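Protein chains in written order, with our numbering: chain A, 1 to 280; chain B, 1 to 345; chain C, 1 to 316.
FYI, nobody ran anything at the bench for these hints, they're computed from the structure.
Among the clues, some could well be false.
One side of the interface only, derived from the structure: several residues of chain C facing chain B at Cβ under 7 Å [claimed, not checked]: (1) Ser31; (2) Glu37; (3) Leu40; (4) Gly45; (5) Pro103; (6) Glu118; (7) Glu121; (8) Tyr210; (9) Ala215; (10) Lys236; (11) Ile238; (12) Asp271.
Note that the structure is a prediction, hence the values are computed from the model and not measured.
No residue lacks a Cβ here, since even glycine has one placed at the ideal position from N, Cα and C.
Residues per chain are reported as follows:
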Amino acid sequence: MENPYLPYPVRIKEIITETEDRNLKTFHFEFIHPEDEEKFVYTPGQFAELSVAGQGEIPIGIASSPTEKGSVMFTVNRVGAVTTYLHNMKPGETMGIRGPLGNWYPWEEMEGKNVVIIGGGFAFTTLRSSIIYMIQPENRSKFKDITVVYGARSPGMLLYREELTQWEQRDDIDMHITVDATEDPDWKYNVGFVPTITEEKITSADNAVALVCGPPIMIKFTQPVLEKLGFPPEKIILSLEMRMKCGIGICGRCNIGDQYVCKEGPVFSLAQLKELPQEY
Amino acid sequence: MDDKIFSKEEWEKALEGLKDSHRIFVPVKEGDYHTFARLSEENRPDFDFQNTRLSPKSLILPQSERMFDYSLDEKSEEAHILKEATKESSPQVIVGLRPCDALAIQLVNINFDNPEYRDPWWVRGIESTTSVGLGCNEPCATCFCSSTGGGPFNEKGLDVLLYDLGDNFFVRSLSPKGESLLEKVQGGKSADGSAKEEAEKLSASALEKITSKVPTDQLRGKNVNALFDAPFWDEVAFSCINCGTCTYLCPTCWCFDIQDEVLGKEGDRLRNWDSCMFPLFTYHGSGHNPREKKVQRVRQRFMHKLKYYVDKYETGVACVGCGRCVQHCPVNIDIREVFELANGL
Amino acid sequence: MLEYTDKIRGIARKLLEEGTVDVFIGYKKGSVPMMNEPLLINDPGKADLLYWDSHCGLNLCNYITKRTDRIGIVANGCNSRNIVTHIIENQIKREQLYIVGIPCTGMFDHRAVQRAVEGKEISEVREDGTTLTVMGNGFEKTLEKGDYLRSNCALCLHRNPVEQDEMIADKVEEQKGMDPFPEVGEIEKKSDQEKWEFFTELISPCIRCYACRNACPLCYCPTCFVDEAQPQWVGKSIDPTDTMTFHFLRAYHCAGRCTDCGACERVCPVDIPVRQFTSKLNKDAFEFFEWEAGIRSDQRPPLDVYKIDDYNDFIR
Chain A
1 MENPYLPYPV RIKEIITETE DRNLKTFHFE FIHPEDEEKF VYTPGQFAEL
51 SVAGQGEIPI GIASSPTEKG SVMFTVNRVG AVTTYLHNMK PGETMGIRGP
101 LGNWYPWEEM EGKNVVIIGG GFAFTTLRSS IIYMIQPENR SKFKDITVVY
151 GARSPGMLLY REELTQWEQR DDIDMHITVD ATEDPDWKYN VGFVPTITEE
201 KITSADNAVA LVCGPPIMIK FTQPVLEKLG FPPEKIILSL EMRMKCGIGI
251 CGRCNIGDQY VCKEGPVFSL AQLKELPQEY
Chain B
1 MDDKIFSKEE WEKALEGLKD SHRIFVPVKE GDYHTFARLS EENRPDFDFQ
51 NTRLSPKSLI LPQSERMFDY SLDEKSEEAH ILKEATKESS PQVIVGLRPC
101 DALAIQLVNI NFDNPEYRDP WWVRGIESTT SVGLGCNEPC ATCFCSSTGG
151 GPFNEKGLDV LLYDLGDNFF VRSLSPKGES LLEKVQGGKS ADGSAKEEAE
201 KLSASALEKI TSKVPTDQLR GKNVNALFDA PFWDEVAFSC INCGTCTYLC
251 PTCWCFDIQD EVLGKEGDRL RNWDSCMFPL FTYHGSGHNP REKKVQRVRQ
301 RFMHKLKYYV DKYETGVACV GCGRCVQHCP VNIDIREVFE LANGL
Chain C
1 MLEYTDKIRG IARKLLEEGT VDVFIGYKKG SVPMMNEPLL INDPGKADLL
51 YWDSHCGLNL CNYITKRTDR IGIVANGCNS RNIVTHIIEN QIKREQLYIV
101 GIPCTGMFDH RAVQRAVEGK EISEVREDGT TLTVMGNGFE KTLEKGDYLR
151 SNCALCLHRN PVEQDEMIAD KVEEQKGMDP FPEVGEIEKK SDQEKWEFFT
201 ELISPCIRCY ACRNACPLCY CPTCFVDEAQ PQWVGKSIDP TDTMTFHFLR
251 AYHCAGRCTD CGACERVCPV DIPVRQFTSK LNKDAFEFFE WEAGIRSDQR
301 PPLDVYKIDD YNDFIR
C-alpha cells in the first residue's frame, strides 16, 4: 500500500533570498531518486508539504511550473518553527517533499479565455507557476490576453523581480507591477494598492477568468472591484490558506463547511465560497 | 455457520485459547469504569458493564502513534530520510465492544479509507481486527443509538455478535472473518431453536428500552449556512470550557495532529489525537485563527457531526448515540438538545 | 435546596428587571442526574431556568474572566474566593459584579454516589436536606450527605462566601479542627522514588483532554504553555514525561492561587484525583506564607509579590 504521508527525499539545490526583509526565501529542490520526480506530477495551483525531519511539515504552494524540469521550487515565508528552521538550512541538505496535494486552477475552463492574475505580497507563488506555464510556447496560444496585477508593500518586497522585469518586456503579457509606497525616485511602475490598480487597469470582464491570491485584506477589497467590472463569482478564482497537517483530507482540521481546503481546495471559485460558511 | 452457545466460563477459556495467535482486547474494570485492555494474567475480562468509558477507537487509531522514524546523524547515509515505523499488525480481536462503537468505526472508515487516499495504519488496523460485539441488554438513559442508524443489537461493523443470556453467551457469526475466528475457538455447542428465540427476544426488548430518541435525519436538506448562522450557537456554547473530553471520548471523532519528536540523533514523526475544541487546532502561523472564539469551535464540532459529514458523504450523521459526551461533558452540553435545536430551525 | 433555587430566581429576576446587572450567571438543572450546567441569562423571563442543588460542580468564575458587562453571579465559599482572586489579578472589576452569596454545605461526590450503588445506572436523585435518595432500575437508596461529600468539600474551611452583595440565607457553621491536607501528609512521607511511582501511577490514565485545566478559573492565560508552539515546551503525545510535565507545571501555576474548589477533579473524564497536585501547593502556601487564596482582596498572592525584607536572600 502506498503511504501518502511518506515524503520523497529531496536535496536543496539552491536558496535565493527574495525580499529585503529576508523573510522570504525561494528553495529549489531536486529529487534524490529520479523516479520520484516522475511521480511528482503537478499542475499550477497545487501545493506540497515540505518535510524537515525533526521539525515537521508545512504546506507551501508550488512556485515552479510543471514545464520547468529538473527541480521544484517553493517560496517560503518565515513565520513558524519549521519555516524558521528551513530558512537556516543550506544547499546540499536533505529533506522531504510530499505531494503534489490539493486541486489546481481551472485550466480547462480557462482555455480560450482572457486570464487576469491578481496577486499581493508573498501569495504570488502559484501565480508565478501559472504565468510560467501559460507563456510556454506550447501553451500560450491556448489563452487569450494575460493581464497581471502584482503588488507588494515596497519594491524590495516583490518576489521574482528578475522575472517580473522580463515579463514586463514581453508583448504577450500586460503587466501592472505596483507597490503600496516607495521613496525610490527611479521606480518606474505603479504606486497604489492592488485593488486600486486593478480598478484602473482592468477594463473588462468579457470572456475572462480572474485568479486572485493575496492577503485577506487585499482579497476583501479586490473582490468588489472585480464584481463591479462584471466578473461573475464563478469566474473569480481564489486560493485559500488554512492550517493543515495531513494535506490529504484525513486529519480533519482545515475544513470550511464540508470542504477540506487541503483536498477539495485550496482553489475555490467565489461562487463556491459563497455557498460555504464564512469561516476562513 | 450455526449460532453457538457458550457458558460464560467456556467463553473466557475460549478467549484464553486464542491468546497465542491473536492479540485479544477485552473490557477490563479499572477503578470505577471499564476500559479495553489486552487480555493477560492481570487483565481479566469483565462483561458486566454498560459501556467502556473510552471508546475502543484507540485500538485502531491510537491516541499517539508512531508514523515514521529517522536518523539525524549526519554520518548516516539515510540521515533525514523518513522510514515507516514498524508496527504490530498481527491479528487482533476486540471482544465485547458495543454495537454503537462498531458502527462508529464504520463511520470513521469513510474518512481514512477513501478512493483517493488510504491511510496505511488505519487500513492495516481494520484489516487485522476481528470485532466481536456484545449486544446491550440494558441500554443507558443517555443511549440514543436507535436514532442514529444503530441499535442495541445492531450488527453493522461486527464480525461476531454476543448475546448475554445470563449464564451463557449466544454467539452469532456475522462475517467470514467472524467464521474464521469461531472455527479456531474451542468449546461451545450449537444453539437450539429456543436459544435463538431467547436471543431474538432479548434484542427486541433491548430496543424497547431505549427511551432517548431524537430525529437525526432532518438536517440533510437544510441549508448549511442557515444552520451555521443559527441563533442558538451562543447559548449552546456558553458553558463550554473547550476541553477535549467530548472529542476524546467520542467514538467518531478522528482528528489528529502530526508532530516530530527527537531524542538525541533519533527522531519520530507521530500522530496524536487532536481536538477541534482547542484553539491551536486551526491557528495559522500568521496569527490568524478562523475559529478563534469558543462558539466557533463548539459550532464546528456539532456542524461536523450533524451536517458537514452528512453532506460530504451523503449519509447519516457522524454520531452513533453512545451517550459518552452526554454523560461526561464537564458542563453538560447535551448533543441531543443540539439535534433538537437544529431540527427546530 | 429548593428554597435556594427559588431565592436565586427571585434575585436574578429583580436584578435583571431593575437593570442592576446586564447578565446573570448561575446553573440550570442538567439533563443527566448529578449534573448541572452553567447558565447565563440576560432576560428576566428566563430566571426560572436557574437552579441550585448540591451538584453544582463547575466553578462559575470561569465565565466572568475579562467580561466587560455588569454581572450577577451566584457564589458559594470557594467560588467567591475565586472571584476575589480574579479581582486582584485584574480579570474583573468588583464594581461589575453583584455577588449572590450562597452558604454551602458541600457538593456531592458523584463518583462516590455511583460507587454506593455499585456502579448501577442512576436514573434520578432527590436531595432532601442532608440526604440524597438515589434511584434506578430496581433500586432506591438514601445516602447521608456528610458521607458522600467531594473530598475538597469535606475539608473545606470556607463554606460561606468571603465576598457578597447579598446573602441568600444565614451563614452556615464553618468546619473546624480537621487537618485540611491529610492526603498531602501521606505523600510527604514517601521516599523520592515512591513519590515518583505514586505520581506516575496517578496520571497513567490521563488522555490530555485538558478538562482539569479548562475547568480551573485560574487557567485563563491567552496561550497555555502546553499550547505554545514557538518554542514548544511540552510534547503532545501521551508520553508519561509530557503528561507529568503538564500536570506539575499546571499545579505550580496555581500555587498560592488555588481555592481548592475541586472543579479540576470533578471534570476529569478518567477519574484522576488531580487535587493531589494542588493540595501540596496549598499546604505550602499556608505553612510558609500563612496564605489562603482568595480570602483577602487587599493583598496579592505570595508568589507574585516582592518584599524588600523577604527572608529568602536569593530574592533580595
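**Prompt:** If you take the shortest Cβ to Cβ gap from Glu121/C to chain B, is it below 7 Å?
**Reply:** holds (6 Å)
_Hint status (Cβ of Tyr210/C to nearest Cβ of chain B, threshold 7 Å)_ = This hint holds: Tyr210/C lies near chain B, its Cβ roughly 5 Å from the closest one there, short of 7 Å.
Practice prompt. With chain B as the partner, please determine if Leu40/C meets the hint condition of a C-beta pair closer than 7 Å.
Written response: holds (5 Å)
Going by Cβ atoms only, is Ala215/C closer than 7 Å to chain B? With Cβ-Cβ at 6 Å, under 7 Å, it holds.
| message | Just to be careful: measuring from the Cβ of Ile238/C to every Cβ in chain B, is the smallest value less than 7 Å? | response | Holds - the Cβ of Ile238/C comes within 7 Å of chain B, reaching about 5 Å at its closest.
Does Pro103/C pass the interface hint, meaning its C-beta sits closer than 7 Å to a C-beta of chain B? Violated: closest Cβ of chain B sits about 24 Å from Pro103/C, beyond 7 Å.
**Prompt:** Can Gly45/C be said to touch chain B, with a Cβ gap under 7 Å?
**Reply:** violated (14 Å)
Hint check: 7 Å Cβ-Cβ cutoff, Asp271/C to chain B: holds (6 Å)
Please verify that hint: Glu118/C, Cβ, nearest Cβ of chain B, below 7 Å or not.
violated (10 Å)
**Study point:** Interface hint outcome for Lys236/C [beta carbon to chain B under 7 Å]
**Key:** holds (5 Å)
Holds or violated: is the Cβ of Ser31/C closer than 7 Å to a Cβ in chain B?
holds (4 Å)
So, as I understand it, the hint says Glu37/C touches chain B; can you test that by seeing if any CB pair is closer than 7 Å? At 4 Å from the nearest chain B Cβ, Glu37/C passes the 7 Å test, so the hint holds.
In terms of the numbered hints stated before, the structure departs from hints 4, 5, 6, listed from lowest to highest.
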